[in-house]
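Heads up: the sequence lines are chains A and B, in that order. So the first sequence is numbered by our numbering: it starts at 171 and just counts up by one. So the second sequence is numbered by our numbering: it starts at 146 and just counts up by one.
Note that these hints are calculated values from the structure, not bench results. In this text, all values refer to a predicted model and were calculated from it rather than measured experimentally. One or more of the hints may lead you astray.
Below, in silico cross-link-like pairs of lysine-lysine (DSSO-like), each with a Cα-Cα straight-line distance of 27 Å or less [claimed, not checked]:
hint : chain 1 : residue 1 : chain 2 : residue 2
1    : B       : K253      : B       : K200
2    : B       : K253      : A       : K213
3    : B       : K200      : A       : K246
4    : A       : K222      : A       : K246
5    : A       : K246      : A       : K235
6    : B       : K253      : A       : K235
7    : B       : K200      : B       : K224
8    : A       : K235      : A       : K213
9    : A       : K235      : A       : K222
10   : B       : K253      : A       : K222
11   : B       : K224      : B       : K253
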Amino acid sequence: EVQLVESGGGLVQPGGSLRLSCAASGFTFSASWMSWVRRAPGKGLEGVANIKQDGSEMYYVDSVKGRFTISRDNAKNSLYLQMDSLRAEDTAVYYCARAADRSVDYWGQGTQVTVSS
Amino acid sequence: DVVMTQSPLSLPVTLGQPASISCRSSQSLVYSNGNTYLNWFQQRPGQSPRRLIYKVSNRDSGVPDRFSGSGSGTDFTLKISRVEAEDVGIYYCMQGTYWPWTFGQGTKVEV
């Protein structure tokens with residue numbers, strides 16, 4: 171059974187940093203593209219970042235470029251999202267997801283990130 | 146970025162009756178390999194999103210056959226042949242043809 175378990179969310183002040191983690195199991199993590207997707211309050215879903223199987227390619231939505239960094243550790247079956255210079259508009263539930271064939275087929279339960287003073 | 150526009154945004158339904166959601170993209174979703182990467186997701190209250198349909202019309206494993214997807218180019222539709230109580234939630238279309246992948250605003254289905 172595919173499982174994706176996020177952690178690391180919380181309350182942070184504007185300009186602060188957080189690092190989200192995602193522990194993956196039930197599939198060959200090192201063979202899978204991975205994604206972070208978020209849902210802001212009262213808004214729809216937004217793809218935030220993707221990373222290739224070996225970490226050699228990363229893609230970001232424009233609104234987070236230069237502030238967020240997606241990474242992975244295939245030895246630990248783990249995905250990360252380093253979020254710096256956080257803004258109020260980054261407040262959202264962040265989902266770790268497995269990407270396959272230009273889609274997202276499995277999602278974690280999500281972790282809440284709140285940026286507020 | 147490709148804009149995905151769903152309609153309606155709110156869909157009152159009657160149990161046992163059909164329902165339909167439209168999704169339009171600001172440009173064709175046909176990829177260079179000929180595939181069209183249009184997906185549909187369901188998010189029930191308090192749950193994570195769940196993929197229902199991929200590449201326009203392919204149902205995911207375990208998805209009831211009352212759900213079907215159709216369309217081409219820029220116009221797509223998700224149909225529920227007979228709505229059941231467990232179908233309540235928000236439905237999103239998503240395109241994976243271009244980065245960044247973009248989602249529709251969501252359609253809230255309620256009884």
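Tested hints:
The suggested pairing of K253/B with K200/B holds, with an alpha-carbon distance near 22 Å, which does not exceed 27 Å. The suggested pairing of K253/B with K213/A holds, with an alpha-carbon distance near 12 Å, which does not exceed 27 Å. With a C-alpha separation of about 31 Å, the suggested pair K200/B and K246/A falls outside the 27 Å cut-off, and the hint is violated. Pair hint K222/A plus K246/A holds up; C-alpha atoms about 16 Å apart against a cutoff of 27 Å.
Proximity of K246/A to K235/A is assessed by CA-CA distance (about 26 Å); at most 27 Å being required, the pair is judged to hold. Between K253/B and K235/A, the direct Cα distance comes to roughly 31 Å. Violation of the 27 Å bound is thereby established for this hinted pair. A threshold of 27 Å between alpha carbons decides the hint, and for K200/B with K224/B the separation of about 15 Å falls inside it, so the pair holds. Annotation: proposed proximity of K235/A to K213/A holds, straight-line Cα distance about 20 Å (limit 27 Å).
Note on K235/A and K222/A: the hinted pairing holds, with a Cα-Cα distance of about 17 Å set against a maximum of 27 Å. Restraint check: the Cα-Cα separation between K253/B and K222/A comes to about 33 Å, which exceeds 27 Å; the hinted pair is violated. Between K224/B and K253/B the CA atoms are separated by roughly 14 Å; this keeps the pair inside 27 Å, and the hint holds.
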